[in-house]
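Colleague: Sequence:
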Amino acid sequence: MNYWLMKSEPTEFSIDDLENVDCEPWDGVRNYQVRNMLRDAMQIGDLAFFYHSNCKEKGIVGIMEIVTTGYPDSCAWDPKDKHYDPRSTEEKPLWYRVDVKFVKKFPQLISLNTLKAHPDLTELPLVKRGNRLSIMPISTPQWQTILTLC
DNA sequence: GCCAACGTTGGC
DNA sequence: GCCAACGTTGGC
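Take the first sequence: its letters are residues 7 to 156, numbered as in the working numbering.
Bear in mind the hints are in silico, worked out from the structure with no lab data behind them. We put the CB at the ideal spot given by N, CA and C, even for glycine. Do not rely on the hints blindly, as some may be mistaken.
[Said to hold, decoys possible] In silico DMTMM-like cross-links for lysine to aspartate or glutamate, where the CA-CA straight-line distance does not exceed 20 Å:
(1) 13 to 23
(2) 111 to 46
(3) 62 to 105
[Unchecked claim] Label pairs and their calculated CB-CB ranges:
(4) 154 to 19: 23 to 31 Å
(5) 113 to 15: 17 to 25 Å
(6) 126 to 86: 42 to 50 Å
(7) 19 to 133: 33 to 41 Å
(8) 46 to 91: 17 to 25 Å
Using the sequences and the accompanying hints, generate a full structural model.
Modeller: Next comes the structure, spelled out in structure tokens:
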């Protein structure tokens, strides 16, 4: 059982969008480090913070659950898709995704500033300079610390 | 295998 | 809209 933080731009896909569907394929990841986490590390039952990025109210807005292990991201095979990548084929998939499901939305968001200011979260990849991963692992102590902030 | 050019992310 | 950081690409 692992903990994660997964970023999404709320104009693309928000926690409210997630609340309104049964489950959602987390597709479009085109970064190898993140691909490896999706393909190799994520397990059914893992929990992830949902983070709203690149918007006015940046921060963690809730929790979701990983409901599949990694499987090929078929978006990469669709020439009409924004994330089309001709290097990926059904025989040799290059990109992977998992399905996620809504667990809860926090009564108020835990802002990026709050996370940055917390003395126990200085090692959180999210608040480290230059970090650009859209999915990152969260340690159990970090997970528990963040839960006290909501 | 080096590295310059280019693209993307995402906070500000 | 700017730009720092850093990943990726491709010529050599």
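Colleague: Against each hint, give a clear statement of whether it holds in the structure.
Modeller: Now for the hints, and whether the structure bears them out:
| no. | hint | result |
| --- | --- | --- |
| 1 | 13 to 23 | holds, 14 Å |
| 2 | 111 to 46 | violated, 27 Å |
| 3 | 62 to 105 | violated, 27 Å |
| 4 | 154 to 19: 23 to 31 Å | holds, 27 Å |
| 5 | 113 to 15: 17 to 25 Å | holds, 22 Å |
| 6 | 126 to 86: 42 to 50 Å | holds, 46 Å |
| 7 | 19 to 133: 33 to 41 Å | violated, 23 Å |
| 8 | 46 to 91: 17 to 25 Å | holds, 19 Å |
Comparing the model with each numbered hint stated earlier shows that hints 2, 3 and 7 do not hold.
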